[in-house]
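First to last, the protein sequences are chains P and U.
Going by the working numbering, the first residue of the first sequence is number 1, and it counts up by one from there.
Going by the working numbering, the first residue of the second sequence is number 1, and it counts up by one from there.
Treat the hints with care, since some could be wrong.
[Unchecked claim] A short, non-exhaustive set of chain U residues, derived as facing chain P with CB atoms under 10 Å:
#, residue
1, Phe28
2, Thr32
3, Lys41
4, Ser43
5, Met45
6, Leu46
7, Thr49
8, Ser89
9, Ile93
10, Ser95
11, Leu103
12, Gly108
13, Leu111
[To be verified] Distance condition first, Cα-Cα at most 25 Å in a straight line; then the derived SDA-like pairs of lysine to any residue:
#, chain 1, residue 1, chain 2, residue 2
14, P, Lys98, U, Thr114
15, U, Lys20, U, Tyr58
16, U, Lys20, U, Asn107
17, P, Lys98, U, Thr49
18, P, Lys108, P, Gln31
19, P, Lys45, U, Trp10
20, U, Lys20, U, Gln42
21, P, Lys98, U, Lys97
22, P, Lys2, U, Thr57
23, P, Lys42, U, Thr112
24, P, Lys45, U, Asn51
25, P, Lys2, P, Asp39
26, U, Lys97, U, Val3
27, P, Lys45, U, Gly16
28, P, Lys98, U, Val113
29, P, Lys98, U, Glu52
30, P, Lys45, U, Leu74
31, P, Lys2, P, Gly16
32, P, Lys2, U, Lys41
33, P, Lys2, P, Leu64
34, P, Lys45, P, Gln69
35, U, Lys20, U, Leu68
36, P, Lys42, U, His7
37, P, Lys98, U, Pro102
38, P, Lys98, U, Gly16
39, P, Lys98, U, Ala72
40, U, Lys97, U, His7
If you're looking for bench data, these hints aren't it; they were derived computationally from the structure.
From a predicted model like this one, the values you see are computed outputs, not experimental measurements.
In this text, a Cβ means the ideal position worked out from N, Cα and C, and glycines have one as well.
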Amino acid sequence: RKEVEQDPGPFNVPEGATVAFNCTYSNSASQSFFWYRQDCRKEPKLLMSVYSSGNEDGRFTAQLNRASQYISLLIRDSKLSDSATYLCAVNRGSGTYKYIFGTGTRLKVLA
Amino acid sequence: GAVVSQHPSWVICKSGTSVKIECRSLDFQATTMFWYRQFPKQSLMLMATSNEGSKATYEQGVEKDKFLINHASLTLSTLTVTSAHPGDSSFYICSAKGGDSPLHFGNGTRLTVT
Chain P
1 RKEVEQDPGP FNVPEGATVA FNCTYSNSAS QSFFWYRQDC RKEPKLLMSV YSSGNEDGRF
61 TAQLNRASQY ISLLIRDSKL SDSATYLCAV NRGSGTYKYI FGTGTRLKVL A
Chain U
1 GAVVSQHPSW VICKSGTSVK IECRSLDFQA TTMFWYRQFP KQSLMLMATS NEGSKATYEQ
61 GVEKDKFLIN HASLTLSTLT VTSAHPGDSS FYICSAKGGD SPLHFGNGTR LTVT
């Protein structure tokens, strides 16, 4: 089993739609979770951290489910500019800054 | 703040030669930097952890004699791909952690070995 798994997609959604991605992780000792956005041929950019209680940043909501070992990202009111690959990152264990990335989920928002 | 600069952005080299990639933290000190590699349509794969003043630690399956890492100062880590071959062609990205903030990535280096 991979340390971090994501559905690669692509998810093709119309503008204005709500879309959700999940990311599962295998290491129960993982403590830090992030969502990154990566545009084609560019480096990943931090989108948001994921906190235990869930957190929201504008149209983006991140949640953590420790019992089932997954994190999720919800995007509301999708914009064309949201088209990108969304990578989840999970640290390898408590106190380590070694982050393992999922393969990424590709999102295409269609006009 | 928290800017990580990587150089060069792209490089083409011939098989058998060596290529050095630099990763600098511009406005913070980074005792630890990480090197990732990303093949097309694949995820970032952690290659090694670069520790200032000590030897790098490599992930399983990554050849330490082929991918030389030097972290001589708190703001600079270098990755040298030695005896490059076409299979090393990839996108190499460094990242650094500054203080309590999560990882910040360099802009990446696209290496093509001919």
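To see whether the hints hold, each was checked on the structure:
Below 10 Å, beta-carbon pairs count as interface contacts, and phenylalanine 28 of chain U has none with chain P, the closest being about 14 Å; its hint is therefore violated. Restraint check, threonine 32 of chain U versus chain P: the minimum CB separation of about 6 Å is within 10 Å; hint holds. The criterion of a C-beta within 10 Å of any C-beta in chain P is met by lysine 41 of chain U, whose closest approach is roughly 8 Å, and the hint holds. Against a cut-off of 10 Å between C-beta atoms, the interface hint on serine 43 of chain U holds, since the closest Cβ of chain P lies about 4 Å away.
The criterion of a C-beta within 10 Å of any C-beta in chain P is met by methionine 45 of chain U, whose closest approach is roughly 8 Å, and the hint holds. With a least beta-carbon distance of about 6 Å to chain P, the hint placing leucine 46 of chain U at the interface is held under the 10 Å criterion. For threonine 49 of chain U, the interface hint holds, the least distance from its beta-carbon to any beta-carbon of chain P being 6 Å, beneath 10 Å. With its C-beta approaching chain P no nearer than about 14 Å, serine 89 of chain U sits outside the 10 Å limit, and its interface hint is violated.
Satisfaction of the interface hint for isoleucine 93 of chain U is found here, the shortest Cβ-Cβ separation to chain P being roughly 5 Å, below the 10 Å cut-off. Proximity of serine 95 of chain U to chain P holds as hinted, the smallest CB-CB distance being about 8 Å (cut-off 10 Å). Below 10 Å, beta-carbon pairs count as interface contacts, and leucine 103 of chain U has one with chain P at about 6 Å; its hint therefore holds. Using the Cβ-Cβ criterion of 10 Å, the hint placing glycine 108 of chain U at the interface with chain P is satisfied: the shortest such distance is roughly 4 Å.
Annotation: interface hint on leucine 111 of chain U violated; nearest CB of chain P at approximately 13 Å, more than 10 Å. Straight-line distance between C-alpha atoms of lysine 98 of chain P and threonine 114 of chain U comes to about 32 Å, which puts the hinted pair past the 25 Å bound. This hinted pair checks out: lysine 20 of chain U and tyrosine 58 of chain U have alpha carbons roughly 17 Å apart, not beyond 25 Å. Using a Cα cut-off of 25 Å, the hinted pair lysine 20 of chain U and asparagine 107 of chain U holds, with the two alpha carbons roughly 15 Å apart.
Distance hint between lysine 98 of chain P and threonine 49 of chain U is fulfilled; the C-alpha atoms sit about 8 Å from each other, no more than 25 Å. Distance restraint check for lysine 108 of chain P and glutamine 31 of chain P: the Cα-Cα separation of roughly 30 Å exceeds the 25 Å cut-off, and the hinted pair is therefore not satisfied. With a C-alpha separation of about 19 Å, the suggested pairing of lysine 45 of chain P with tryptophan 10 of chain U holds against the 25 Å cut-off. For the suggested pair lysine 20 of chain U and glutamine 42 of chain U, the alpha carbons sit about 23 Å apart, so the restraint of at most 25 Å is met.
Between lysine 98 of chain P and lysine 97 of chain U the alpha-carbon distance is near 10 Å, which keeps this suggested pair within the 25 Å criterion. For a cut-off of 25 Å, the pair hint linking lysine 2 of chain P to threonine 57 of chain U stands: about 21 Å separates their Cα positions. For the hint pairing lysine 42 of chain P with threonine 112 of chain U, the CA-to-CA distance comes to about 16 Å; that is within 25 Å, so the pair holds. Distance check on the hinted pair: lysine 45 of chain P and asparagine 51 of chain U sit about 23 Å apart at the alpha-carbon level, within 25 Å; holds.
A distance of roughly 23 Å separates the Cα atoms of lysine 2 of chain P and aspartate 39 of chain P; the hinted pair therefore holds under the 25 Å criterion. For a cut-off of 25 Å, the pair hint linking lysine 97 of chain U to valine 3 of chain U stands: about 10 Å separates their Cα positions. For the hint linking lysine 45 of chain P to glycine 16 of chain U, the alpha-carbon distance of about 33 Å lies beyond 25 Å, and the restraint is violated. For the given pair, lysine 98 of chain P sits about 28 Å from valine 113 of chain U by alpha-carbon distance, which is inconsistent with the 25 Å threshold.
With a CA separation close to 15 Å, the supplied pair lysine 98 of chain P and glutamate 52 of chain U stays within the 25 Å bound. With a C-alpha separation of about 23 Å, the suggested pair lysine 45 of chain P and leucine 74 of chain U falls inside the 25 Å cut-off, and the hint holds. This hinted pair does not check out: lysine 2 of chain P and glycine 16 of chain P have alpha carbons roughly 33 Å apart, beyond 25 Å. Distance hint between lysine 2 of chain P and lysine 41 of chain U is fulfilled; the C-alpha atoms sit about 17 Å from each other, no more than 25 Å.
Pair hint lysine 2 of chain P plus leucine 64 of chain P holds up; C-alpha atoms about 18 Å apart against a cutoff of 25 Å. For the hint pairing lysine 45 of chain P with glutamine 69 of chain P, the CA-to-CA distance comes to about 23 Å; that is within 25 Å, so the pair holds. The straight-line distance between the Cα atoms of lysine 20 of chain U and leucine 68 of chain U is roughly 9 Å, inside the 25 Å bound, and the hint therefore holds. With a C-alpha separation of about 14 Å, the suggested pair lysine 42 of chain P and histidine 7 of chain U falls inside the 25 Å cut-off, and the hint holds.
Pair hint lysine 98 of chain P plus proline 102 of chain U holds up; C-alpha atoms about 11 Å apart against a cutoff of 25 Å. Using a Cα cut-off of 25 Å, the hinted pair lysine 98 of chain P and glycine 16 of chain U is violated, with the two alpha carbons roughly 31 Å apart. At most 25 Å may separate the alpha-carbon atoms for a hinted pair to count; lysine 98 of chain P and alanine 72 of chain U meet this at roughly 20 Å. For the suggested pair lysine 97 of chain U and histidine 7 of chain U, the alpha carbons sit about 18 Å apart, so the restraint of at most 25 Å is met.
The structure is inconsistent with the numbered hints 1, 8, 13, 14, 18, 27, 28, 31, 38, although it conforms to all the rest.
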